[in-house]
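Protein chains: 4
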Amino acid sequence: MIIIMKPSATKKQVTSVIDRIKDIGLDVQINQDKEQVVLGLLGDTRSVQDIAFRSYEGVDTTIRISNTYKLTSREFHPQDTVVDVDGVKIGDGSFITMAGPCSVEGLDQIRQTAQIAKAGGAKILRGGAFKPRTSPYAFQGLEEEGLKYLRQAADELDMKVITEVMDESHIDLVAQYSDILQIGARNMQNFKLLAAVGKTGKPIGLKRGISGTINEWLNAAEYVAVAGKSPVIFIERGIRTFEDATRNTFDLSAVPLIKKMSHFPIIVDPSHGTGVWDLVPPMARAGVAAGADGMIVEIHPAPENAWSDGQQSLNEDTYRKMMQEIEVLNAAMNEIHSLEMLTAGR
Amino acid sequence: MIIIMKPSATKKQVTSVIDRIKDIGLDVQINQDKEQVVLGLLGDTRSVQDIAFRSYEGVDTTIRISNTYKLTSREFHPQDTVVDVDGVKIGDGSFITMAGPCSVEGLDQIRQTAQIAKAGGAKILRGGAFKPRTSPYAFQGLEEEGLKYLRQAADELDMKVITEVMDESHIDLVAQYSDILQIGARNMQNFKLLAAVGKTGKPIGLKRGISGTINEWLNAAEYVAVAGKSPVIFIERGIRTFEDATRNTFDLSAVPLIKKMSHFPIIVDPSHGTGVWDLVPPMARAGVAAGADGMIVEIHPAPENAWSDGQQSLNEDTYRKMMQEIEVLNAAMNEIHSLEMLTAGR
Amino acid sequence: MIIIMKPSATKKQVTSVIDRIKDIGLDVQINQDKEQVVLGLLGDTRSVQDIAFRSYEGVDTTIRISNTYKLTSREFHPQDTVVDVDGVKIGDGSFITMAGPCSVEGLDQIRQTAQIAKAGGAKILRGGAFKPRTSPYAFQGLEEEGLKYLRQAADELDMKVITEVMDESHIDLVAQYSDILQIGARNMQNFKLLAAVGKTGKPIGLKRGISGTINEWLNAAEYVAVAGKSPVIFIERGIRTFEDATRNTFDLSAVPLIKKMSHFPIIVDPSHGTGVWDLVPPMARAGVAAGADGMIVEIHPAPENAWSDGQQSLNEDTYRKMMQEIEVLNAAMNEIHSLEMLTAGR
Amino acid sequence: MIIIMKPSATKKQVTSVIDRIKDIGLDVQINQDKEQVVLGLLGDTRSVQDIAFRSYEGVDTTIRISNTYKLTSREFHPQDTVVDVDGVKIGDGSFITMAGPCSVEGLDQIRQTAQIAKAGGAKILRGGAFKPRTSPYAFQGLEEEGLKYLRQAADELDMKVITEVMDESHIDLVAQYSDILQIGARNMQNFKLLAAVGKTGKPIGLKRGISGTINEWLNAAEYVAVAGKSPVIFIERGIRTFEDATRNTFDLSAVPLIKKMSHFPIIVDPSHGTGVWDLVPPMARAGVAAGADGMIVEIHPAPENAWSDGQQSLNEDTYRKMMQEIEVLNAAMNEIHSLEMLTAGR
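If you're matching them up, the sequences are chains A, B, C and D in order.
If you read the first sequence in numbering that gives the first Met the number 0, its first letter stands for residue 0, the second for the next number, and so on.
If you read the second sequence in numbering that gives the first Met the number 0, its first letter stands for residue 0, the second for the next number, and so on.
If you read the third sequence in numbering that gives the first Met the number 0, its first letter stands for residue 0, the second for the next number, and so on.
If you read the fourth sequence in numbering that gives the first Met the number 0, its first letter stands for residue 0, the second for the next number, and so on.
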């Protein structure tokens, strides 16, 4: 950590800060710039991050130079972590597709969707059973009944399941039916929930918050990692910006950036990332090319009858075509990879 | 709700949408614009909000024209709601101050802070007992012990208490010690929690999410209102934008806007809104002038020793001066009010 | 255009709005929703867009349903426009690369860079001659001398030139040396400049403003299109958001979106889009897969000695590898295209 | 400037950076943190800001610790600059109002508006003569004719004039009619224009860009200041964020922040800041309380007939009431000031 004093800081103010640094057991290196004093803290500053040096008089600002997500960081864990979802590998160089409806609406609907998903190449079935909405008057999900249908539909086709857990009290329930526990965007910084799911041993699909920075996302993963049992799968799903032509702004640069910063795999969610069905296939293709380890997409047998998010769901025909495109692009990425040309991002 | 068809929409596509509207029991008014067809849905569209008309072929977009927060809206409840916190009124034209430390650090610290708060004119004591942080390695709060200290310090000075509840499982615990239940920014859309606190009958201090729109905030309040027992106090605390000279961008326009849209009171949080202690007093003054019903501020006997958020906490001297300024400005606002000059916002 | 009246609007207020609509020569269709009146304007509303219906008492809001960029829109021009830059085609299904340094620093530097660019496969040379910077104390460009060097270096290798024109008074000067006139992000809404370059007949490379919406960008293109002579090439270069791990947030969804809305080609600028050199190759690859018609990238013989933007420039080795990757991916995209699998975005 | 090396940086990489620092004539202080090396540059780093240390291998990031706006900064100019607009003082503790229509629509309209403005207490008349719009099909302003009407209306009532100059080629023309030259939000970083208006000697009203950071705004002012003749008046007018309930997000914290960082005065523009007429008075009041030196507001004799921006213009009645409120609040601020209570922000 570095502490930058104001040009107007008095000698006494500087000394007072230095004394505090030494009080908490750290060494300090003093730099006298032309205009101001800069103090460098030497030692493990993770433990001092909440000490409010900024409130000392004469302090201009403070800057962290080491990150706070040791277990998530690639720095101390250079090899990629490959997540094993009961035999399905994520992060091993293949491109994994998770597909399914926004909401589980009934057994027939999820079975029919699962068949489409599987036929197109998806190995993991998605579907929401708990669906709290912006408005309290909207459909809120089938809850446990939905989980059962989801599991049954997946088992019949030998698929794995990913679904969201929203509440600490539901972890056991959801873990009973799901292979991957998804943490939704609104819960990216629900630290108690993160710590709790991290103890289940199930892989955690960690969606980026709508206003989550890359740095906050990495720290959120650290909460899971600290618990010690569950690997993390990052899911980029778009952030909120001024642009309203798309539902969110799909921040695809997060893919190579997370791959640079962390050893955990990252997949993309072009359905929420764009919010418009005909932008999903090109953004899915872009996800492959950016080096993502997979994707999660919303499909529906009849999007115009979907109970939620129909406008971003693919119908069978579009989904199939997209999956063929993904296959061609993935082959191209493998060719690039085998020639050791790949510059970065995977 | 209005459905706008694409200029290229076929007659068959239009008919298919109209059939669906009628299927769900609504009437439709058909407008043939020069270039395209526009359909107006007649009836109670609250129940159809998740029906995905946007996924029909030929549909350009859909627009809601009535809001979905009936109980929160001023439209059907023109009078201001005055919240009674065990005798302390919020929303009755006075300007209420809630003050205290970011975190409860111990009994002495909270007692000392409470005395400063009270002496300056605050009637409600704030303080955090559960403090989950961005990094898992940081101080996480004193938990129940902190709640006890907070209650004791408040009782000794005949003050009321506001503190955050983060988890459904903690509601009873927190409600035992606190007069107002605060919902933090990260939980603005934790709908299960909102519904649960709404049943306690305690006033709910609802912070705006870091990326929460005014519309989403009003809908979040509706979750509390639907539960039927607890009034809402909106708390504007800044939103996340590209500007990083302040911790958040303090969106003070939310004050007159919420007053226009809703009958519930709104207070401001200039400490989180700016994140820098010397911007707190001018923004607190601005809050009075914008018509807020009160404010919540962070103070600390020794900000440079605070365990969290020291850089945005006021010391005793600055807090006292600020409270005198607030008093002068509040008198000016009362003068304006008594002359019936006030144009809007209160 | 649609005008939505408030539920509380009086009959007199509604009549007053209707009278105004008729006054300006339009017809009106009146919809009596359950709760409120909605008025539909029939006729060419392009001419009435600034009439402030929103300031009438009783009006809740107004909504435009037809766009205002007729010449740019794909609606009335379904075929792709292929831009011919003196023999080099943009928008014909190939993927065109424009490469070069941020600033022209001297004849040797631009010659050396041009050789690298050409050898890697770029057909168009980029380079800045006018470089106004955030701070007035920074390097501001070689101006006309820089333009000469740029043209000479391009001519020696039979390359085309793209460079920025910042000021109406410079148009003739820059047009003398450059094949494509680039409009920088800061000038996306400098409408006088747009109208002026639109008269040159040269293709216009129109960068998206740092806070420009897709809709504003399309309208900016319309200013060029109205002038009647110059085709537009959209350049996505990232927008400003809260995320600061990258220089900008690269909004790649703009590629399929612009392709859907407009007939003009779109290329991507991963250098400014990310601002970090090792994110450039994966984002360039993603650009190909998203369906872009090309890209513009910053390269430098010795990025660590560049006078500006060195951190986002590629050195020769990385550039070469990236171009090989692009070739493999472009072949894959052609395969997809030839099979008529492509779902959208090109 | 500080250069932070990666933990993985080799000795050779560190040496290579140090050599470069010495090459450009600066001294360096080397800090060996527990995990990584941090280099402090000693000397005048303003001249080296474009040297791309970030592109050196082994460099993690670089951090500027001294600002680049020496003439604008309060650091070296602690006293407030009072701007004298031909006898009307801005920044002397009074609160100055500039009022008028968005667009000058004709002589009658501007005369009528000027009378309303003057009667309410405004000393400076605003009005737009050049109005380039998002769409090329919209009204574009009366140009020189508008300037003449504006000057005439102001002169008849002994008012001063502020109007926008958009183009270097118009400076002489606009300066002939206007006392203050306004730089619009879109031109905040049109550095050539800034340098040119800075030579006129007229005060420059510098609007914040829609996506302009405080730091960029201060640097933009520096371009004017460097030219040496014209003082700057900052105008906060809102920034673009995800919130769309208001036209912009009015960032009122900019008032005390700019006052802390710079000696130049700052005024607020609640009309553009909110974009909705009934939010203008409360935000104007908030501007006074935040410590602004004045405001600029849009008024119109008949907002519903305005040719542009009618929805944010005040009619005579609302304007008058607002001005009375402003007077009461300003008296309160003077009382606060005279008691030396003021904590910050003026």
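If you are wondering where the hints come from, they were derived from the structure by calculation, not from laboratory data.
Among the hints, erroneous ones may be present.
You can't tell identical chains apart in this list, so a pair holds if it fits in one copy or across any two.
As the list claims (entries may be wrong) - DSS-like cross-link-like pairs, simulated, lysine-lysine; straight-line CA separation at most 30 Å: (1) Lys228 <-> Lys191; (2) Lys88 <-> Lys11; (3) Lys147 <-> Lys21; (4) Lys191 <-> Lys21; (5) Lys147 <-> Lys191; (6) Lys259 <-> Lys198; (7) Lys88 <-> Lys198; (8) Lys147 <-> Lys228; (9) Lys320 <-> Lys5; (10) Lys10 <-> Lys198; (11) Lys228 <-> Lys69; (12) Lys21 <-> Lys198; (13) Lys228 <-> Lys21; (14) Lys228 <-> Lys10; (15) Lys11 <-> Lys228; (16) Lys10 <-> Lys320; (17) Lys11 <-> Lys320; (18) Lys5 <-> Lys198; (19) Lys191 <-> Lys117; (20) Lys69 <-> Lys10; (21) Lys117 <-> Lys21; (22) Lys147 <-> Lys259; (23) Lys147 <-> Lys69; (24) Lys88 <-> Lys320; (25) Lys191 <-> Lys69; (26) Lys228 <-> Lys320; (27) Lys21 <-> Lys10; (28) Lys198 <-> Lys69.
Just so we're clear, the structure is a prediction, and the values are computed from it rather than from any experiment.
These are the hints, each one checked on the structure:
1. Lys228 <-> Lys191: Both. Shortest intra-copy (15 Å) and inter-copy (27 Å) distances satisfy the 30 Å Cα cut-off.
2. Lys88 <-> Lys11: neither (59 Å within a copy, 39 Å between copies)
3. Lys147 <-> Lys21: This pair counts as neither: shortest intra-copy Cα distance 58 Å, inter-copy 33 Å.
4. Lys191 <-> Lys21: Neither, since 33 Å and 46 Å both go past 30 Å.
5. Lys147 <-> Lys191: both (26 Å within a copy, 21 Å between copies)
6. Lys259 <-> Lys198: Close inside one copy (26 Å), not across copies (46 Å); limit 30 Å.
7. Lys88 <-> Lys198: For Lys88 and Lys198, the Cα distance is within 30 Å only inside one copy (21 Å; across copies 45 Å).
8. Lys147 <-> Lys228: within (25 Å within a copy, 34 Å between copies)
9. Lys320 <-> Lys5: between (60 Å within a copy, 24 Å between copies)
10. Lys10 <-> Lys198: For Lys10 and Lys198, neither the intra-copy (50 Å) nor the inter-copy (41 Å) Cα distance is at most 30 Å.
11. Lys228 <-> Lys69: within (16 Å within a copy, 45 Å between copies)
12. Lys21 <-> Lys198: neither (37 Å within a copy, 50 Å between copies)
13. Lys228 <-> Lys21: So Lys228 and Lys21 fail the 30 Å test inside a copy (37 Å) and across (49 Å) alike.
14. Lys228 <-> Lys10: neither (50 Å within a copy, 37 Å between copies)
15. Lys11 <-> Lys228: neither (49 Å within a copy, 39 Å between copies)
16. Lys10 <-> Lys320: between (70 Å within a copy, 28 Å between copies)
17. Lys11 <-> Lys320: between (70 Å within a copy, 25 Å between copies)
18. Lys5 <-> Lys198: Answer is neither; intra-copy 45 Å and inter-copy 32 Å both fail.
19. Lys191 <-> Lys117: neither (35 Å within a copy, 33 Å between copies)
20. Lys69 <-> Lys10: between (36 Å within a copy, 23 Å between copies)
21. Lys117 <-> Lys21: Close neither inside one copy (61 Å) nor across copies (35 Å); limit 30 Å.
22. Lys147 <-> Lys259: neither (38 Å within a copy, 40 Å between copies)
23. Lys147 <-> Lys69: Close neither inside one copy (38 Å) nor across copies (35 Å); limit 30 Å.
24. Lys88 <-> Lys320: both (24 Å within a copy, 28 Å between copies)
25. Lys191 <-> Lys69: within (19 Å within a copy, 33 Å between copies)
26. Lys228 <-> Lys320: Classified as neither: same-chain Cα gap 38 Å, cross-chain 39 Å, threshold 30 Å.
27. Lys21 <-> Lys10: Both, since 17 Å and 29 Å are each at most 30 Å.
28. Lys198 <-> Lys69: Within one copy, since 18 Å is at most 30 Å while 41 Å is not.
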